[in-house]
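Please take these sequences and the hints and turn them into a complete structure.
Protein chains: 2
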Amino acid sequence: MREGYDIKLGEFKEYLKKLEYLNNSVAVLYWDMRVGIPKKAIPYRGEMLGYLSGEAYKLQTSDTMKEFIDYFSGIEELDDVTKSMVESARKNYEQTKKIPEDKYKEYTILASNGEAAWEEAKEKSDFEIFKPYLEKLVAFNKEFIGYWGFKENKYDTLLDFYEPGITVKELDKVFGELRDAIVTLLNKIKNSDVKPNVEPFKKNFSKEDQEAFSKHVLNIMGYDFEAGRLDESTHPFTINFGNKDVRITTHYYDNDFRSALFSCIHEGGHAIYEQNIPDELIGTMLGTGVSMGIHESQSRFYENIIGRSIEFWKYFYPEVQKRFSQFEGIPLTEFYRGINVVEPSLIRTEADELTYSLHIIIRYEIEKALINGEIKVEDLPHIWNEKYKEYLGVEPGNDAEGVLQDMHWSDGSFGYFPSYALGNLYGAQFLNKMVKDMPDLYKDIENGNLNNIREWLKENIHKHGSVYKPAKLIKDVTGEELNAKYFIAYLNDKYSKIYNL
Amino acid sequence: MREGYDIKLGEFKEYLKKLEYLNNSVAVLYWDMRVGIPKKAIPYRGEMLGYLSGEAYKLQTSDTMKEFIDYFSGIEELDDVTKSMVESARKNYEQTKKIPEDKYKEYTILASNGEAAWEEAKEKSDFEIFKPYLEKLVAFNKEFIGYWGFKENKYDTLLDFYEPGITVKELDKVFGELRDAIVTLLNKIKNSDVKPNVEPFKKNFSKEDQEAFSKHVLNIMGYDFEAGRLDESTHPFTINFGNKDVRITTHYYDNDFRSALFSCIHEGGHAIYEQNIPDELIGTMLGTGVSMGIHESQSRFYENIIGRSIEFWKYFYPEVQKRFSQFEGIPLTEFYRGINVVEPSLIRTEADELTYSLHIIIRYEIEKALINGEIKVEDLPHIWNEKYKEYLGVEPGNDAEGVLQDMHWSDGSFGYFPSYALGNLYGAQFLNKMVKDMPDLYKDIENGNLNNIREWLKENIHKHGSVYKPAKLIKDVTGEELNAKYFIAYLNDKYSKIYNL
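So the protein lines, in turn, are chains A and B.
Heads up, the final residue of the first sequence is numbered 630 in the working numbering, and it's a clean run with no missing numbers.
Heads up, the final residue of the second sequence is numbered 630 in the working numbering, and it's a clean run with no missing numbers.
Mixed in with the good hints, there may be bad ones.
Because identical chains cannot be distinguished in the list, a pair is counted as satisfied if it fits within a single copy or across any two copies.
Here are the simulated lysine to aspartate or glutamate pairs, DMTMM-like style, with alpha carbons at most 20 Å apart [stated by the list, open to error]:
#1 Lys187 x Glu143
#2 Lys592 x Glu409
#3 Lys195 x Glu494
#4 Lys168 x Glu355
#5 Lys234 x Glu479
Calculated directly from the structure, the hints in this document are not laboratory data.
Put into structure tokens, the structure is as follows:
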């Protein structure tokens, strides 16, 4: 029995390794398409990607895969890694296998057309163009939930793809508390006399100088350039092919000092997570970050909690002043306020640390209601604008800067958005524990020593890859379940000081 | 019958398309490894490449492939494209299938170890380290020829992999004539009073300036940057993923103006060939250059016949002088002589246009004798040095700059070298016809109009992809079989003028 098991496990691992080679090949082709591809090559690259993804899909849904899943499901007392491998394989298998094949094909085409329709709609700022596609995408997702099944709330099933185990019940609680706290804080800030000066950041900064400084910061953070590289692309992203090739991109604006810098710190957080995955997990499908939410907790932790802290800039600001004459005569406190300015705005991707979560909560509330049939697609522009007015006090002038701004719904990625805000909550919970474990944390940051932070994250989070679900991870690390109180306390404390509340 | 045929052909094409997707994916991963990969990622990338190549190999040697080959082999009167598709598929199939599987595996491992041994041997300049591997590689190739069969000369079978249809009989004739002609010309040049001045080329040139000028030249040549890109790598190369993504690389030396420039023109010649392949051939396995020799004819044509002509520099030299103050006061004739200096040397890759072919002929003579059992591996260093002394008048001081300089034998690529010299012969034959078709050819070049040349090459050569074998192609285009007289005449004419002979 033991011998048979070992052989089977070896075969299973070999099989998953192949699947990972394929997925990573897809990722290389994709990276190249975003970073370096010549214009005319895009259609053929699409064909290549389609073929390789199709092959990966075949491996994921093959009879062989089914046999592995069935075999290991019949065995009790699997070790954590094997158990998680089987569960992840099963999830991938069932995600498509439970859907009738013709339905799934129809949906794939719809999702692809939906993207094109969304693009046109956004360009023309006309929701009507996108509406019929969105209606069908929502209908399909509701139908699929019928095949997949659900326990308490239909939307839970979709959430589970991005944040395994999270539920509407939990999110309603933490997002509700967070929303109320932010709205209250935001109103106080609006009445504050403090008006941060952001003009210095809008002067002219050369790409080369920005790149050099971003690399300097990434080095100190502990991003390993021998296992990664920094490139330019339209939108910043992190992508990895195993743990030894974790690449990040950014986009430089010559009239904006903050954009590329903080996107590099953000993507650097994602990348350090992937670089710290242990070699043993590579090839098991568990050798990557466990969920979107935990991933965002790492990127936002570095970007906001560390990267927008006063201690961080006590160390880096002298270097900024040395490299950029644009900040001559600007004291550190003014710089610090400038990178933490709160400005309720219409566009999620341009939002500040405080208001960002509100953008997400609005999308969460809408998605949840859509999937549960409580609102209709045709009412979205109106509902969207109402919520922006209520929570953020701003109102979109048109669909493009309102309901059409994000591409996520265009290919049916419902359930994805909440991860962004979850990242903030997880991050603050981790911070609370980290400070207890390392009382000198902020002194370290002030001295430009970010190694202890990286090690703590590695030991507590990164080294587990995808072995444990987010809920177990957060409990194991912090001793508490997911909650909003630490992030709310962090926000209140930080912004009260900045805005003299 | 016709309907059954059409369905089968459609299936065959679908099958080949998949194989091409895989091969092109391998190529993207390979390009990235040479141009952009982080250091620590190399081993895993090797695994990914191994997996994808293995999948491509499976498709090439599958029973399905065998069925296609058998089916179409039974049909007379196939159109040229289909016939060529079947032939190329059969060749790939038989190349490995005729070898017993365990032999082939053994050989693959040997080839891989051979590379490592060669690297060490070259580093230590000690042929003894590489000798046992080379002996086995030669023995395997001789054994394989037994499985593959041969008609007149055993070495023909190896040649056929790189230059389909070429034979020892033909090569002995053309290479013999070429060797004698070059040696005679070389001796005259040695006695000439003309001593080109190469000092200006060795001043300091910034990478940025070199790159900008190379791009300028490539643009005028007609290399399409919307279907390609120029990058840096240790050794220059061209690689393509279809006809819309044809990438070239170069290597910049700050103390050498000629190296990057002429390597760009050379690789540009390869790349224009691939960019000009018609869309209809993509996905058929015929949508690429037909042979190594024809490919080299394109690159060498651009690099030497065009790129080192006086007319080319009548157009470009003013631009050089504008961009590079290093050439201040240097007249065009001096520049022209400098880029055409003849210097017999030890290293093939650094050879000038005239002596380059001698380096190749030496390798050809050695390979031919090795495969036919006329010489032994252990005698190679001695034979090598003797031939260099005889043909080029130079003698290697050690194995590294002698018999160990090229990596080609380390993985068993016997039969590859001749293509380099064949390219010179083909190119001059094409030139002869081109001048007849376009009497204003050199006037065009002088005016910086290189479009007619590109169009002529496209119409006569590029548009056929791999449909016709080299021998048919050269006959169809020039009306003559492969011969050495045009290249010899070209060399005599050119160097007599330069060296006042």
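Inset, instruction - Give the relationship of lysine 195 and glutamate 494 under a CA distance limit of 20 Å: within one copy only, between copies only, both, or neither. - result: Classified as neither: same-chain Cα gap 36 Å, cross-chain 58 Å, threshold 20 Å.
Legend entry - Intra- versus inter-subunit Cα pairing at 20 Å for lysine 168 with glutamate 355: between (29 Å within a copy, 5 Å between copies)
Inset, instruction - Have a look at lysine 187 and glutamate 143 and pick one of within, between, both or neither, based on CA distance no larger than 20 Å. - result: both (16 Å within a copy, 17 Å between copies)
Legend entry - Homomeric proximity label, lysine 592 with glutamate 409: Cα distance no greater than 20 Å: within (10 Å within a copy, 50 Å between copies)
Legend entry - Intra- versus inter-copy proximity for glutamate 479 and lysine 234 (alpha-carbon distance at most 20 Å): neither (35 Å within a copy, 56 Å between copies)
Violated hints for the displayed structure, listed by number in ascending order: 3 and 5.
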